[in-house]
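Model the placement of chain B on the given structure of chain Y, informed by the hints.
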Amino acid sequence: MELLDPTSELQPEGRQPLPRLNHLAGKTIGLLDISKPRGDVFIDRIEDLLLQHGAKTKRFKKPTFTRVAPDALRQEIAGSCDAVLEALAD
Amino acid sequence: MTELRLVMKQGCETCLMIEPLVAEIAEAHNLEVICQDSPDFPADVPVIFDKSLEQSFKLDIEIVPTLIVMRDGEESSRIFGWDKTAWSAMLGLEFGTNLPEFRPGCGSMTHDPGRQAQLAALFAPERLSSRRLTFDHSDELEIGYDLGWSDGLPVVPPTPERVMRMLEGTHREPGEVIGRVPPDYAVCTVEKIAINAVLAGCLPEYLPVVITAVEAVLEDQFCMHGLLATTYFSGPLLIVNGPVSRSIGMNSGGNALGQGNRANATIGRALQLLIRNVGGGKPGGVDRAALGNPGKYTFCFAEDEVNSCWESLAVERGFSKETSTVTVFAADGMQGLVDQKSRTPESLGRSMASGLRVIGHPKMVMGSDAFLVVSPEHERVFREAGWSKQDLKSFLLDLLMIPGEELIQGADGIAEGVPVGLSNKTLCKFRPEGLNIVRAGGRAGLFSAIIAGWGASGSMGSVPVTREIVLG
Chain Y
0 MELLDPTSEL QPEGRQPLPR LNHLAGKTIG LLDISKPRGD VFIDRIEDLL LQHGAKTKRF
60 KKPTFTRVAP DALRQEIAGS CDAVLEALAD
Chain B
0 MTELRLVMKQ GCETCLMIEP LVAEIAEAHN LEVICQDSPD FPADVPVIFD KSLEQSFKLD
60 IEIVPTLIVM RDGEESSRIF GWDKTAWSAM LGLEFGTNLP EFRPGCGSMT HDPGRQAQLA
120 ALFAPERLSS RRLTFDHSDE LEIGYDLGWS DGLPVVPPTP ERVMRMLEGT HREPGEVIGR
180 VPPDYAVCTV EKIAINAVLA GCLPEYLPVV ITAVEAVLED QFCMHGLLAT TYFSGPLLIV
240 NGPVSRSIGM NSGGNALGQG NRANATIGRA LQLLIRNVGG GKPGGVDRAA LGNPGKYTFC
300 FAEDEVNSCW ESLAVERGFS KETSTVTVFA ADGMQGLVDQ KSRTPESLGR SMASGLRVIG
360 HPKMVMGSDA FLVVSPEHER VFREAGWSKQ DLKSFLLDLL MIPGEELIQG ADGIAEGVPV
420 GLSNKTLCKF RPEGLNIVRA GGRAGLFSAI IAGWGASGSM GSVPVTREIV LG
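These protein sequence lines map, in sequence, to chains Y and B.
The numbering of the first sequence is numbering that gives the first Met the number 0, which starts it at 0 and goes up by one.
The numbering of the second sequence is numbering that gives the first Met the number 0, which starts it at 0 and goes up by one.
Since the hints were made in silico from the structure, they are not lab data.
There could be a bad hint or two in this list.
As the list claims (entries may be wrong) - List time: in silico DMTMM-like cross-link candidates among lysine to aspartate or glutamate, alpha-carbon distance up to 20 Å: (1) K281(B) to D4(Y); (2) K50(B) to D111(B); (3) K392(B) to D338(B); (4) K281(B) to E8(Y); (5) K57(B) to E73(B); (6) K392(B) to E315(B); (7) K424(B) to D397(B); (8) K35(Y) to D89(Y); (9) K35(Y) to E415(B); (10) K57(Y) to D39(Y); (11) K392(B) to E310(B); (12) K61(Y) to E18(B).
The following block holds chain Y by itself, in its conformation from the complex (with noise of 0.2 Å):
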């Protein structure tokens, strides 16, 4: 019997994932509000440890919640940080 593939037929690259820091002095660490109520409390308390581990941080806050961050987000976070955090709240 024969089938047509129903799927998109994707084949995704499989991908090595940066190598992680050593360290957080002096890194810059983006931090990411998707816009979720009490994603600010979440990341505040982030930011605070992060600092005292002589970390840089960088705000960010997606438009909403409900749709992928913009492209533009995503190239100045990548341009901008040497890593990011991501904050899912609720």
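Below, chain B alone, put in the same frame as chain Y:
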């Protein structure tokens, strides 16, 4: 060099009538005779017996007899049926007066019911570009489960023939790109929609509705990605309006929200399967629903606009009554609304407002949209009082202006609620445009239904989208 091809079948009276002429034509011309149903017809000339119908299909024969003139290997003209003047002119021959001037031919066997799809699958496989998967000794109904194509129910195996037949439901090219389907944002063609429509059990005449539904959910304002990914209950609901809903036999009457109607069941399912298979949106994967709802198998019905005293959803949204449309809505399941005592629109409206007040949470405001599905017996109360759909909507929205003190966090001993700072405000349950009313259901039963929507409505989430169904 000129060459003639004559396609005939013995079962055609017109072909039988011209049989005696064929040998004469063959003497005067370089003639190739192709017969669909016999190796020996017509008599006295060599015949190519087109038992598989490959030749007839590739020559795109619709009528027999068909006489084709070929020049240097290319077709230059053709005649269908018997037209004495045209045949004489084309062949340079005189035909006897015993023959009529004109006699129509018969249908080619390539156009017998179901045959075109079968022949296209065999002799025009290049029309389809999806990957072909071959299985030996498999239970065909298990393949969909094994490969992850199923929503949990059996799927119809998408053979090339079935997909070809499905594509007969549209004139759009199989390779036409409709959009990118989240969450993988994979390219979606008409062909991929047709394959998933086969899986779902659709008939070809449903395909334009399914294609339109896909186009609608891919509009940015519908926010299909977030709807798929959310932990909330919701999934896409399809409401069909206009003549198409009736011509394909959709149910807008008794049990409209339930089981038992092929079009309702399979159109909604086709959309869900497409999101799963082309978009890659699967429960436990990007679909993070905490509970989901049964409508995520399929949720599709037609509005009963023929018997309604109200203008339809499509007309409210700017389309004419003659236009067929699909409206997509990010919907939860439905909750019943029972009122068997009210005989005035005010009383029944208050019942409806009470039911609408509690969707999501009694304190949730400006979150979910909702569709109120009003059954005929409930509609009659408004009809007899002369209330339009807009009158009812305005009445409900007035009743759904809620004092903030009832909604704030902590009110009624419930932590959930709006910020305390809003206690002096009056807030509407719904955002503007967030409450919609349609009519559907069986003639008996003083019930209506509330279909609540995703907690993220409006510009922060999803708004209902209506699109015209382009037939053909």
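Comparing the hints with the structure gives:
no. : hint               : result
1   : K281(B) to D4(Y)   : holds, 17 Å
2   : K50(B) to D111(B)  : holds, 14 Å
3   : K392(B) to D338(B) : holds, 18 Å
4   : K281(B) to E8(Y)   : holds, 15 Å
5   : K57(B) to E73(B)   : holds, 13 Å
6   : K392(B) to E315(B) : holds, 12 Å
7   : K424(B) to D397(B) : holds, 15 Å
8   : K35(Y) to D89(Y)   : holds, 6 Å
9   : K35(Y) to E415(B)  : holds, 16 Å
10  : K57(Y) to D39(Y)   : holds, 13 Å
11  : K392(B) to E310(B) : holds, 13 Å
12  : K61(Y) to E18(B)   : violated, 77 Å
Comparing the model with each numbered hint stated earlier shows that hint 12 is the single one that does not hold.
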